[in-house]
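**Q** Listed below are the residues making up each chain.
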Amino acid sequence: MNSTIDILDQVNANLPTIILLSFALLMLLIDLFLPKRNHLFRSLLAIGSLCIVYLVVKLLLQEKTVYTYFFSLDSFSYFFHILFITVLVFTFLLSGPYFERTKIKFPETSLLLFFSTAGAMIMISANDLIVMFLGLELMSICLYVLAGMLRKRVQSNEGALKYFLLGAFSSGFLLYGITLFYGITGSTNYSEVNQWISQTSNKLSLTFWIGAGLILIGFFFKFASVPFHFWSPDAYEGAPTPITAFFSATPKAAAFGTFIKILIVAFPLVVSDFELILKIIAIATMGIGNFVALQQKSVKRMLAYSSISHAGYLMVALVVKSNLGYSSILLYLIVYSVTNLGAFTIAYLVNRKNEGSYSYEDYNGLATKYPVLAMFMALFMISLAGIPPTGGFFVKYYIFYSALKADQLLLAILMALFSAISVYYYLKVIVHMYMKPLPDSYETIKSDTHVTMGLIFSSLIIIIIGVAPSFWLTLTNRSVSNILINP
Amino acid sequence: MSEITIHHYIALSAIIFSIGVAGVLTRKNAIILFMSIELMLNSSNLALIAFASFMSNPVGQIFALFVIAVAAAEVGVGLAIIVTVYRNRNSINIDDVHLMKG
Amino acid sequence: MKLTPDLLHSTHDWNWLILIPLLPLFGVVLNTFIFRKAPEKFIGWFSSSTVLISFILSVLAFFQLKSLPIQNRSIDVTFLTWIQVGNLSIDWAVLLDPLSVVMMLIVTGVGGVIHIYSIGYMHGDPGFRKFFIFLNLFIFFMLWLVMGNSYPILFIGWEGVGLCSYLLIGFWYKDMAKASAGKKAFIVNRIGDWGFLLGMILLFVNFETLKFTELFSKVNTTYTPEITPTLTLITLLLFVGATGKSAQIPLYIWLPDAMAGPTPVSALIHAATMVTAGVYMVARSNLLFSLSPISMEVVATIGALTALFAATIGVRQWDIKKILAYSTVSQLGFMFLGVGVGAYETGIAHVMTHAFFKACLFLGSGAVIHSMEHAFHKAHVHYDPQDIRYMGGLRSKIPITYWTFLIATIAIAGIPGFSGFFSKDEILWKTFASGHIFLWVVATITAGITAFYMFRLVYLTFFGNFRGGVESEGHIQEVTPYMTFILILLAVLSVIGGYLAVPHALGGHFLIGEWLQPVLQDSRKLPSLAYYQEHHSLMLEFGLMGLSVIIAILGIYLASKYFNQKPQELTVLTQKPKGIMKILENKYWIDELYEFTIVQPIYKFSIFAWKVFDATGIDGFINSIGSLVVKIGEHLRKLQTGYLSNYALLMSIGILFTIAWLVFGK
Amino acid sequence: MIKIAFIILSLISIFSALMVISRKNPVASVLWLVFHFFGIAGLYVLLGAHFLAAVQIIVYAGAIMVLFLFVVMMLNLNLVNNEKRGKIIGKSIGAVVSGLVLVLFTYSIRTTKWNELFFNQVTDQEWGTAVKLGSLLFSNWLVPFQIVGILLFAAVIGVVALMKRKITRKVENGIVITQEEDVA
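Chains as they are written, first to last, in our numbering: chain A, 4 to 490; chain B, 2 to 103; chain C, 0 to 665; chain D, 78 to 261.
Same shape as in the complex, but just chain A:
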């Protein structure tokens, strides 16, 4: 490695993360002196929004990549940073009533959310397997705790335990993979790994493949792709619902983003060797996700399985390994994160009465009593199912189209078939809302203005992407092609 690396450069490269972390720590300090906590955190939303503005400006003005040995900050990373902070802001906006209801300690929870977001940001901007691993662990450790935040609920404990043990287990494999990689290639830097591969591409040893395979598996675990998905339905069901929404957005986006970056920067020469593995796992993931989601009685668990199936669709785009495929993944992640955040929020709003049941019956006649809420939920479900006017349709369509273009006919057909199955369980929610009679005793739903604002914003994003998908695709495409300009 280079003899000296300018520390200031590194600090500069990580400025967004550092700002985020500083605010998190500042909050912790201020929190000691203030009795009314929730309001403080709410007001920090403004800061989050400022960060987004800052990043957006950076993204738009970005001309060249900031590259230090450990980090490479390009518009690809900025894109994901914006996504993560947006998810964070949405999580704060949308979780208020839940925290009031369950009396979860707000300061700790929000601090952990901040830290895990920072971990995701480090992960995505890393240009080195070690730093990436650190970011991943920072993110995961916070998530393990968040999953178990409902300490009195047995399900929450159980989900956290399963998530933690399996997560640590898979971390062990990932770490061993990185180690072997380090041993084989002599470096952990993405670009250096790529150089090494280009020099010795004709005689890659078996240990190299084991290392690569273990790294892949580490990511498959984070994608929750079959057969490494077992933790996800249980952890999702057990976790506090706003946290579940967060789970389905940030870690997944971080994993996919980092994986794309590694594929493009470190593994461009061997990526075709992973094709079959990716393909089989993609098919299995779509299949299991959709088939089992069909069987669910609980909306929350259905959404958990649906997020597995969406990971499958995203993996289809990974198989395609074209620029179009990668940029559609980025667009997909925006739409999917925002939609899921909204859907989980409505799920917890509707299921006030008995935490944990989340049954479809709770939605009966929602449209007559709360037409606006029902409209939002219908929009989210339509977007998740991928029905035309929404962003969900276009992103799915782009992946489908990229698969067709890359002659992955089987994948494209299976994807279409599985999405057709998925329509059933998403529309089931709508059927319950609009076509079943309202039960006689109905507990009122208490929401607040933040939640309403969050829901409006999320549906706006879905609609805006549905209105001008091409524009957004060019934007994400620019981000993806920006990774390639590494030195």
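Source of the hints: derived by calculation from the structure; they are not laboratory data.
Calculated pairs, EDC-like style, for lysine to aspartate or glutamate (alpha carbon to alpha carbon, straight line, at most 20 Å): (1) C:K177 - C:D383; (2) C:K603 - C:E591; (3) A:K431 - C:E633; (4) C:K36 - C:D124; (5) D:K243 - A:E111; (6) D:K209 - A:D9; (7) D:K101 - B:D97; (8) D:K243 - A:D34; (9) C:K377 - C:E472; (10) C:K586 - C:D318; (11) C:K36 - A:D451; (12) A:K106 - A:D34; (13) C:K183 - C:E158; (14) C:K177 - C:D124; (15) C:K182 - C:E591; (16) D:K241 - A:E103; (17) D:K241 - A:E111; (18) A:K155 - A:E111; (19) D:K168 - B:D96; (20) C:K177 - C:D590; (21) D:K243 - A:E103; (22) C:K586 - C:D386; (23) B:K102 - C:E633; (24) C:K637 - B:D96; (25) D:K190 - B:E4; (26) C:K321 - C:E372; (27) C:K396 - C:D386; (28) C:K637 - B:D97; (29) C:K217 - C:D75; (30) D:K101 - B:D96; (31) C:K182 - C:E594; (32) D:K80 - B:E4; (33) A:K155 - B:D97; (34) D:K241 - A:D34; (35) D:K168 - B:D97; (36) A:K300 - C:E633; (37) A:K372 - A:E446; (38) C:K182 - C:E158; (39) C:K396 - C:E472; (40) A:K300 - A:E364.
Place chains B, C and D on chain A using the hints.
**A** Okay, now just chains B, C and D, sitting in the frame of chain A:
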């Protein structure tokens, strides 16, 4: 055996790694399971330092240091989670924890 | 910044045009989400002001467009690419040219005044906010329709206004008949849309673009006689869409039923704006139509026949709004006759004048209904407030309504000096000049019938003695100032609106025709419109004009002879009709005909199909697939045992396979 | 000399690792694990990584294992450990799978020509000292090092979030009653 080479160290680490995997797959006690995971992390540390030593490249050492720190953080969080499970269920047998399925 | 023509031609300076359609949408959003508890007045004025600001912006757009040299008066503003797949590229783009700006002015202008009228009309209705949301949404879609620069964008507006129309017809959805009227409108329109969609696809297949500006220049430059049959097919399919939206034979049946909606809706959507969308679309596609003479003949013939047909039905209707509805259908027929003979600018001129006087008539009828309803309610009698048999003698009781209504009636009847005369007469003249003598005869007779049934309406409503019972008579009173103000405004427009379209023969300039010239110049050069270049004797034109005026006056005379000279008694009016009147009163039994020849058979067949094919065959098949899927899911979910050790084991097996494949598989 | 030391230390590590996963009593497992860490630390010394060897003993064997032991003792797991010996099939499949992992790894390690990839073992005595590592950590690796710091901090917060309980004591009839007030 002529000379201790990198082969031996890597093989040793692979053996310890597999013992860790075996522990995870066969034991039901959450704490012992967790210790097995620690074995796995430790085995990669061994491999890291062996590689670093044979390459005269300090990165491996630094990474190993980081891994120890990560392991410490994981142990803290993991034990806390196990204790919460114990508080609610009075057991840390992972087979007793299967409320959610299907 | 100085707005020089050069500067304005760069499209960036036109980006503000997007505000025109977006303002009403903004109103929709705010009214839906924010002003949920706001008072009625606020909501009403807020919605109206969004439309009025759009109107001001449209006026601004008009003047800026006017400041450009004639050849530059076509501005394409592309905001975003919407869909970009393969050859197909659809942009969110608007087109500002003389045609669209005229339509924008009509939509926002008439829309604005009807918004204000509705503040008074809908006062106290529990669905007040909903009504204004729908109305604003309608304006938004209508503006998309007229501003969009491609068929797909136009189609979005087209579908959108259809949706709003459906929502507003069924506004009082608790009444079963009204809800089903909404459904009828929706379904009939769907049939037309199907044709429109096919036409659009055919256009894309043949020319590979759907953007107006590109498409028409491409057609113009690459035209060869071989593609005439294709163009004929395309234009006919597009016209199918137009017959649905603009209520022409055979798809006109939904419009009279659409009167179930609130009266401002009838005025705005089902008279002034949405129903003219078909005429606009044909005028927009004037090049395509001019290149396919057969389609032109079809359009003209359908138009003339619809005009006559609907006018005859109007002669023997009793419901005030139904009469106006049939007159709308009939006037739309005139417009299609105009565009069908190639006089596109005259068709659009009639769209404009018709918007004024028909809006005035509808709003006037709304005022009448409002008063009658109020009176009947006070007197506790249950007469139909829309039935003119229970009216009569309202002249002195609601004078403002009477005078405005009368002016609009004179305008529609074609009396010289009022707006309807100029545009209608120009259509008649162009029909004659282009050699369609038969259609001219039909249209001239129709003009006479129009004068007859409109004055029958006026006499029965406002003259003679009141037939609604003595108790209610005292309770009749003029409507609120909101409404009367708008009535006066529209009445004035009904008079002066026509002066934009004074024919050359009368020494006018036919301003609107000249204004639209840049849009039509390509089709003017075609042989099918050659008659424009021919010289016709002024004497002939004056003669025909005089003839049509005489016929109109004859119609008025007959109406006054039958319905004014001898006072009408309720018993006489409610007698069972005989002979031809029976046919007319039952609207030629067309609804029944459709019912027996189309609806019933389809319904019966669908029951049969459902029982035989579906329930056993297809359903069985689908169900077996469904149950297969469910079974697979049932088995797969067993994998998720809930036991952590199983999860770890399955995961490890996955890892083992992945690595083994990577190591040995290649 | 090195050879003998390596053989002894590796045997100790393997044996103690096996004892860790096979002991019924978690306390015994923890103690064997400490033993294992000592063996590994010896190997580090053999490789010249003196500082890491010290960290291994201080952090791992010292701090982390004490934490383990503390939790095991606190939960009194000797009594509650009711690990059933029943499901032999699952266990044997687990053993087979891990055996296969071992076979796969050793096979690929054997076939890899490590000699082409590496130079010789370091002879530089300074290589593994605290000075050498420290100067690297605080120059080039400063930012990743800080990230590790954040990681540990996050873990502390996580543990507090999961464990912190408000305990109120009051005296009733001379008996001290402790009440846990636990939210969420």
